[in-house]
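What follows is each chain in one-letter form.
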Amino acid sequence: MEEKFDAIVVGAGPSGNAAAYLLAKAGLKVLQIERGEYPGSKNVQGAILYSDALERIIPDFREDAPLERHIVEQQMWVLDDESYVGSTYRSAEFNKEPYNRYTIIRAQFDKWFSKKVQEAGALLICETTVSNLIMDGDRVIGVQADREGGAVYADIVILADGVNSLLAKKAGFHAELDPKDVALAVKEIHFLPQNVVEERFNIGEDEGVVIEMVGKITQGMMGTGFLYTNKESITLGVGCMLSDFKMQKTTPYALLEQMKEHPAIRPLIAGGEMKEYTAHLIPEGGYKAIPKIYGDGWLMVGDAAMFVNAVHREGSNLAMTSGRLAAETVIALKEQGKSMTEANLALYREKLDDSFVMKDLKKYKEMPGILHKNPQFFTTYPELLNRAAHSMLTVDGVDKKSKEREIRRNFMAKRSLFGLMGDAFKMWRAFE
Amino acid sequence: MIKVENKLFQNRYKVDAGHPHISIRNPDLCQNECKSLQCTVCCPAGCYTEEGNGKVVLITDGCLECGTCRIICSEFRNVEWEYPRGGYGILFKFG
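As you go down the protein sequences, you meet chains A and B in turn.
Position 125 (the first sequence) corresponds to 125 in our numbering; numbering is contiguous.
Position 45 (the second sequence) corresponds to 45 in our numbering; numbering is contiguous.
For reference, chain B alone in the conformation it holds in the complex (with noise of 0.2 Å):
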């Protein structure tokens, strides 16, 4: 099993404290809706995780700003997703 969070260790953040700048819009469809869960699988920094109840819980602290969860949640568009604050998130030091 490839732990995602070793690999984001190497990664500089500047974490926005209690203002994530992507969230679930309704967590009911993920739990009771959604067949796939396919965030909990696409997701490059797994920030996207299933409880053993069908639960998503997301953390977006690892988050790379890539879009990809926005993106394939196509059938269900449940995932509000901006941009962080200005000079928060990833801060890529190689790119």
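The shape of chain A in the complex, shown without the other chains (with noise of 0.2 Å):
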């Protein structure tokens, strides 16, 4: 018997569970096919939640969804070797409901995402890899599942698989990601009772710290690190660009575990138990490796068509938001009987313009560019940094004018004046 939907969703991440919940909510006809045993068992993320996305989409989210802490302090280190410079962000405006972001465990918040994606009434199948598209020509018809009478057919596919995508590859709508376009981030999980997490970060009940770092951590790869504190468990890890893993020798674990025994950071996991070991790609190219995103038959949302801001670490925000815009599309469409060809699918893309989404991706367009070939960035000026700091905060006598003068000079002979000048001009390039 062949089975047609208005829509296929293909993946239960926060891109396609956005995109399948407003769908059915629309009353439209909806299966959403999960390769993983439960939604979110494939999903790794730091986590942070933003909640302007999620509740454009689920306004009253914060009743029930499964929340760790909401962020009241924001840390940003650059590392050295055994120190770090950093600057500190906290404000009691935090503290005022609405909360602006939150810490998640990914596994758990999925869960509850498609709990309310089913309760719309979308149909979801879990343990189920979609292995290939069904195409008509050059339009996508439906998908074909790795199970008996695997083929189902709908109007429109939406491509919520994550920052693999194979099924746009085996359609021939993709090429295969470039190394220098995505990051591989490792991270663990580690446990401590409620009452050290708030201790150690001098937070109160159901508040959290994010620290992001960069510098020695990634042994002069372009990457960042970043911790964040959960209920009674902190997440750390470590992303770098697969162009610069594939260039030297050490291993993700390796960096991870060097990470670890920072002496500023391994006081903050003491006596934590760890309890999970993840890695994951990032899709970090940006507007200029954004792909093909859709076609006749089909939308790409989420991680699959790039949407991440690196420079912000911001991804499932993007995703949930491609995810709303896709459907929006969809619906608007089915509304004026037009058929889901490319040309009308363009909708999406103009939809996308004209949010954050792409707005950002094309603001930061060439920082991936300029970071790759200024590894200067993630070594020397963290090193320098650090230096100066070290130099100017301790006291030994010599007068702060000679130590102003010392650390001049060690600019100078680590970048020279037209570095020094050259690295300003082309940071105010990458955030202009």
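There's no promise every hint is true.
[To be verified] Mimicking DSS-like on lysine-lysine, the simulated pairs with C-alpha atoms at most 30 Å apart in a straight line are: (1) B:K35 to A:K115; (2) A:K180 to B:K35; (3) B:K14 to A:K115; (4) B:K55 to A:K249; (5) B:K93 to A:K231; (6) B:K3 to A:K275.
Since the hints were made in silico from the structure, they are not lab data.
Combine the two chains into a complex, taking the hints into account.
Below, the structure written as structure tokens:
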């Protein structure tokens, strides 16, 4: 028997769930296919949830979503081998509801989101891998799943199948990912009693801290580290571009181990019990690396479409927003009695262009290229900054003016005046 | 020397015995042509190991399904990479 749906959504992460939820809520007949045992069992994120993107889909999500802690403090560390120079922003404003950002544990959060999707009327099938798209000429008309009678058909197939998106590659929509456009991140979750987390980070019940890190922990590679506080656990990890990983001899887990041994990080996780080790690719190629995201009978959302703002460490909000805009596009076309042709689906691109998703990605379109060509931002500057701080903060009878002169000399020796000016210009261009 | 096995030990897997989802297309390429063998370095689960004679052995049981090996093998495109069958493979408890 041939089953036909209005829409098939492949994948039950944030983008797929956003799309499936809104489509089902609008009364469309939706099938969602997830390869994991349950939604979330294949998904990995830091993880920070940005309220705004979810609020536009499920306004009252705070009532029952599994949220760990709302963020009241953000730290940025620039690390040398034994030290870091940091900045902190902490505000009581962040303690006023509605909270803007939360830490979450993805396996739990995705399960919750999926329950909402099913309540909205979508049919979810788990433990099922979609092996291929079914084509009629250039048009996608369904998917082939790895179970008996696994061919299902729909007017539109939404590819929310994550960073690897094998389906788009098999169908010839995308070439293989370029190592310079993806970062490999590894992370661990360490459990500690709730009161220990709160004392260690100087936070109250439900309050959370985010620490983003750059510098020696990536051993010269373009990348960052992070540490987030959950209710009674801490997640920490490090990610670097695959093109850089390809060039050196440190394994990802050795990198993570060394990060955990950093004298500023070790005490924060001391005594914790590590309960899971995960790895995941993050599509960080930015605007210039965005592949084809729609065609006859298909739309692409989330990581599969490279929707990650690497500069601001945002991804799940772009995923949910792109899922929402994809659903809105399909609903609008249905209402107007239009078919899901590439020309009609261009509306999705218009909606994206009009949203923060494309605007932010466009704003930082030069950033990946600049950072790839200028590893000094991950090596030389963190070292120079830390040495300068160390010098100024060590009281040893040397006058401050001499110290300043020495610091300036160090900067000039490492980067030269033109190098320094060039770097400042590059950063200005990247952020402009 | 950090043992990745100690980390993977914390994870939950449903291994699809006899059906590895990743395979090396042409083992001769790894042994004779590839100089870098970066799969043996970059795989976050240490699934790839080099034997003394330059032969690469792949055991997918600890795979975290990230996709790194497929993408970094850009010179030879020698990694056949599929997702595990539905329900099999890594099962993240926290993710």
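Hints versus structure:
no., hint, result
1, B:K35 to A:K115, "violated, 49 Å"
2, A:K180 to B:K35, "holds, 20 Å"
3, B:K14 to A:K115, "holds, 24 Å"
4, B:K55 to A:K249, "holds, 18 Å"
5, B:K93 to A:K231, "holds, 16 Å"
6, B:K3 to A:K275, "holds, 16 Å"
The structure fails hint 1 only (numbered hints given earlier).
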